[in-house]
Every structure is written in C-alpha cells, then in structure tokens.
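Protein chains in written order, with this note's numbering: chain Y, 16 to 291; chain P, 16 to 291.
Note that these hints are calculated values from the structure, not bench results. Among the clues, some could well be false.
Since the list can't tell identical chains apart, any single copy or any two copies may satisfy a pair.
Once the Cα atoms are required to be at most 25 Å apart in a straight line, the calculated DSS-like pairs of lysine-lysine come out as [what the hints assert, rightly or not]:
id, residue 1, residue 2
1, 269, 162
2, 22, 130
3, 215, 242
4, 242, 269
5, 106, 130
6, 142, 269
7, 84, 128
8, 22, 121
9, 269, 22
10, 106, 193
11, 242, 121
12, 131, 75
13, 162, 128
14, 193, 236
Protein chains: 2
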Amino acid sequence: MDIDYRKDAPIGVFDSGVGGLTVVREIMQNLPNENLVYFGDTARVPYGSKSVDTIIRFSKQIVRFLQTKNVKAIVIACNTVSALALDILRKETEIPIIGVVKPGAKVAAEVTKNKKVGIIGTEATVKSGVYTKFIQQYHSDIEVLAKACPLFVPLVEEGFVDNRITSEAIDYYLHEMKQSEIDTLILGCTHYPLLYNRVKSYMGEHICLVNPAHETALELKQLLQEKNLENIQKKEGKIPTYDFYSSDAPVRFKAFANSVLPYSVDWIEHINIEEF
Amino acid sequence: MDIDYRKDAPIGVFDSGVGGLTVVREIMQNLPNENLVYFGDTARVPYGSKSVDTIIRFSKQIVRFLQTKNVKAIVIACNTVSALALDILRKETEIPIIGVVKPGAKVAAEVTKNKKVGIIGTEATVKSGVYTKFIQQYHSDIEVLAKACPLFVPLVEEGFVDNRITSEAIDYYLHEMKQSEIDTLILGCTHYPLLYNRVKSYMGEHICLVNPAHETALELKQLLQEKNLENIQKKEGKIPTYDFYSSDAPVRFKAFANSVLPYSVDWIEHINIEEF
C-alpha cells in the first residue's frame with residue numbers, strides 16, 4: 016500500500032516565476048498520469064540578475080514548501096537555480112531532485128554535428144559556466160559559445176514576442192552567435208521557448224534549437240521508472256490534479272499559465288514563501 | 016540635548032532597488048549636512064509589476080528595518096511604493112514619512128501652461144491613478160495622460176541608455192504621448208531620470224520633464240524645518256555619514272551607485288530583509 020501511495024504523490028515543479036510552466040507543459044504531455052504541484056516565485060522574480068547567495072536562499076525556502084506537499088520528486092524548472100543551486104538543494108532533502116541544465120546539455124552534445132554549440136541564458140546561468148561543463152563532460156572537444164540575454168525575461172513577461180523591441184533585443188544579443196559557426200543553440204532559460212519562432216527565424220533554419228524542457232520531462236520519466244515511482248495506473252475517468260501556487264497575487268500568473276498550458280488554470284493559491 | 020540628538024539622526028531613504036539613488040543624489044545636493052541611511056530591495060526588485068499586497072508587505076519590512084537605524088524621517092524614493100503604500104506606512108510608525116508622488120504632482124500642476132500633463136511610470140503606479148488624483152487636487156481642470164512603461168526599469172538596470180533597444184522602447188511607449196498635446200511630462204519612476212536625455216530628445220525641447228526626485232528633496236527640507244529636525248549645525252571639517260544597505264549582494268548596487276552619486280560608495284551592507 017505504501018508504495019502505491021508514493022506513486023500517487025505529486026511531482027513538485029518550481030521556477031522563479033512563470034517561465035517554468037514551459038517545463039510543466041512538457042511534463043503534462045509526456046507523463047500524463049502524474050499529479051503536479053507548481054510553485055512560481057512571482058513576488059521575487061527575476062532570479063537571473065541576482066547573486067548566488069540570494070538564489071540559494073530563495074530556492075531552499077521553495078524546497079521546504081514543496082516538502083509540505085509530500086512530493087515524490089522535485090523538478091527545478093529554472094535554469095538559473097539548476098545551474099547554481101542543484102547540488103546544494105540535493106543535500107537539503109532526500110526527495111530526488113533534477114534540474115534542466117544537464118538534460119539540455121546532453122541533448123545539445125548529441126545533436127551538434129560540427130561540435131560547436133551556443134547557449135543563451137540569464138547572467139547568473141551564463142556566469143556559472145555549468146552548461147559548458149556538462150556539455151564537455153559528454154564530449155570534451157565541443158566548443159561552447161555562451162551569451163547572457165538579460166532582457167529576454169522581462170520581454171517575455173510583458174508578452175512582447177512579435178514586437179520591434181524584441182527584434183532589436185534579439186539582434187543585439189544574438190548577432191555574434193549568428194556570425195559564429197555554431198549549429199546548435201540551447202535555449203537555456205525557461206522563458207526562452209516562448210521566443211522559439213523569433214530566435215529560429217533570426218538564426219536560420221539550419222540551426223538546431225534545443226529546449227531543455229522537453230529533455231527534462233524525459234529525464235523525469237526515467238528517474239521515476241528507476242525509483243519505481245511512476246504513476247502508471249491510470250484510473251478510468253480520473254484526471255490528474257494540477258495545483259498551482261505563487262508568491263505574488265495570481266492575476267498575471269493565471270493569464271500567462273493559460274497562454275502556455277494545454278489545461279485551464281482556474282485557481283492559483285498565494286503562498287507567503289518567506290515563512291518557509 | 017535630546018532635540019540635538021534627533022537633528023543629528025539620519026534620514027532613511029528606500030527603494031525597490033537602485034533607482035531611489037536618484038533621490039539620494041538630490042538630497043545630498045539640497046541638504047548637504049544630513050546623514051543618510053539607504054536601503055535598496057535588490058533581492059526582490061522590481062516592484063512595479065507586482066501586486067499591491069506584495070508591495071505593501073515588502074515596504075512594511077523595510078520601514079521596520081529603517082526604524083532600527085533610529086531615523087528621524089523616511090523618504091519613500093520609489094514611485095510605486097509612494098503611490099500604493101504611503102498612507103498605510105504612515106499608520107505603521109510615528110516617524111514622518113514622505114513619498115515622491117505628491118511633490119512630483121505639485122510641480123507638474125504648477126509648470127503646465129496648457130493644463131495637459133503626461134505621466135509615465137510602472138504598471139502599478141499608473142494603475143493606482145494616484146498621480147492623476149494629486150494633480151487634479153491642485154487644479155481640477157488639468158487633463159492627465161498616463162502610460163506604463165514596464166521595460167524602462169530593466170533597460171536602466173542593464174545600463175542600456177544609448178542603445179537601439181532603448182530607442183525602440185521609447186518610441187513604442189511614448190509615440191502616443193508625443194502626438195498628444197501635453198506640455199509637461201512627469202518621470203514617475205525613480206529609474207527614469209537616467210533616461211532623461213533620451214526622453215527629452217524624443218519628446219522635443221518644448222516638453223517640460225518633471226523629475227519628482229528634486230521636488231521631493233525640497234519637500235523633505237521643508238518637513239525637517241517644520242518639525243525642527245533640520246541638521247543645520249555643520250561642524251567644521253565633519254562630513255555627513257551615508258550608509259547603504261541592500262537585500263542582494265552589493266556588486267551591481269555598488270557599480271550603479273557610483274555612476275549616479277556625487278560620492279564614492281565603498282561599502283554596502285547586506286541585509287536579510289525578510290527577517291524584519
């Protein structure tokens with residue numbers, strides 16, 4: 016009985032804000048029986064331009080909150096936190112935790128043909144050098160070109176996708192990447208998949224864009240199988256429960272969630288995350 | 016003796032981040048004998064796209080922190096907090112508190128000739144309607160045109176002033192304002208004075224730009240005089256003390272402060288503001 020209960024337990028997913036919902040979307044599609052608990056730290060977003068100590072402190076509070084929801088696994092749906100805090104968070108809890116960086120690095124190392132890979136992300140992610148480290152663990156001779164694009168998060172948060180400001184920002188941040196010889200580009204921030212078409216059309220069809228969200232969902236599936244925690248027993252007519260929590264008021268969260276997810280988000284609960 | 020001690024006490028100034036340093040600059044210039052304590056909530060910046068409840072909760076923590084520094088007055092050097100939380104914060108403490116909105120509204124109402132005033136600020140400030148309310152308290156027949164410019168804060172935080180992305184953003188947000196008949200435009204966010212020249216050259220020389228920071232420093236002076244709290248006794252060779260605190264690591268804060276202030280900021284102390 017005990018083991019069945021654990022299989023039925025939700026997966027905890029968190030991000031600095033709403034960007035991690037792109038990972039939730041992939042989990043919903045690839046693990047359709049799993050119950051989910053999502054936390055977005057919308058009161059303190061963004062993390063990417065903040066210090067390592069602050070990012071670690073905030074993430075520990077979130078892991079403590081997710082533990083109160085009896086999650087069976089945790090997905091850090093934020094590149095910045097995955098890059099800077101994954102090892103530290105693993106020491107805080109016995110619940111298995113995965114991040115988005117390693118899965119993204121793995122797929123990029125597999126798909127590049129000329130062994131030249133680009134990675135774009137927040138200032139904190141790029142500065143950490145973690146993507147380069149993981150990519151070169153797969154193939155030490157892969158050249159990695161990294162670029163921080165700090166304005167992409169506020170642009171996506173404002174819903175500016177097909178917009179002249181976004182065009183200028185894409186050209187500003189990516190023109191060197193475009194002139195380089197990379198054949199693969201990692202969208203190393205969970206907000207960036209929302210700019211997928213814009214980046215693709217700027218960089219050209221021959222560049223393979225890697226969205227770590229998809230690969231992370233597959234890694235999560237493998238992890239659950241290994242630990243015998245996958246919720247395979249689909250009960251007739253039973254749909255999984257998806258619970259959403261945020262640290263700021265839910266208005267903007269709800270609008271964003273409903274534009275990203277194949278699921279209607281009606282209720283988001285406000286959490287005072289500082290108390291955890 | 017007691018009253019002398021109070022006169023010598025510092026003035027507390029706070030903002031969601033570093034933008035409030037533009038108000039500090041004006042206070043340093045207009046009240047050169049006053050000691051200052053500045054707090055920037057850099058771990059949770061920006062406030063302008065967050066909810067009223069969150070902004071009030073964060074501001075109350077900061078006021079509690081400033082009280083531990085025995086300040087004799089508090090300046091809310093943030094338009095968003097001034098617009099949404101001033102009245103509530105006044106109920107929390109006996110220390111006199113002023114914001115930046117009323118001084119900015121007053122000067123705009125005085126300088127407009129055709130009684131058409133524009134105001135730009137964060138989403139929260141514009142949504143509050145507080146600028147319009149105050150301006151119309153001075154002259155009820157002044158027409159007010161308000162526009163939220165949410166990307167201006169991240170642009171300034173990234174140091175993007177003379178940049179194509181900023182040009183596009185200015186045109187995107189201000190083209191309607193430019194076509195309107197306003198003769199006065201309030202820079203209703205403490206980050207915006209850093210875009211002063213760009214906005215001035217876009218809007219045209221005939222438009223009077225109002226920077227509430229300057230007017231706020233003058234209102235602070237008047238308040239201190241009324242309460243007999245002004246630090247007029249300049250002791251020979253004694254320079255005032257300026258203490259800086261932030262909730263995130265000080266690296267970015269320091270660089271920004273030294274680009275804004277007529278004073279070399281060498282030390283910024285990190286504060287865990289959530290504990291207040």
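Hint check:
no. : hint         : in the structure
1   : 269 with 162 : between (31 Å within a copy, 23 Å between copies)
2   : 22 with 130  : neither (40 Å within a copy, 67 Å between copies)
3   : 215 with 242 : neither (37 Å within a copy, 62 Å between copies)
4   : 242 with 269 : neither (33 Å within a copy, 47 Å between copies)
5   : 106 with 130 : neither (34 Å within a copy, 63 Å between copies)
6   : 142 with 269 : between (32 Å within a copy, 19 Å between copies)
7   : 84 with 128  : neither (43 Å within a copy, 60 Å between copies)
8   : 22 with 121  : neither (27 Å within a copy, 63 Å between copies)
9   : 269 with 22  : neither (28 Å within a copy, 49 Å between copies)
10  : 106 with 193 : neither (40 Å within a copy, 56 Å between copies)
11  : 242 with 121 : within (21 Å within a copy, 66 Å between copies)
12  : 131 with 75  : neither (35 Å within a copy, 50 Å between copies)
13  : 162 with 128 : within (21 Å within a copy, 49 Å between copies)
14  : 193 with 236 : neither (34 Å within a copy, 54 Å between copies)
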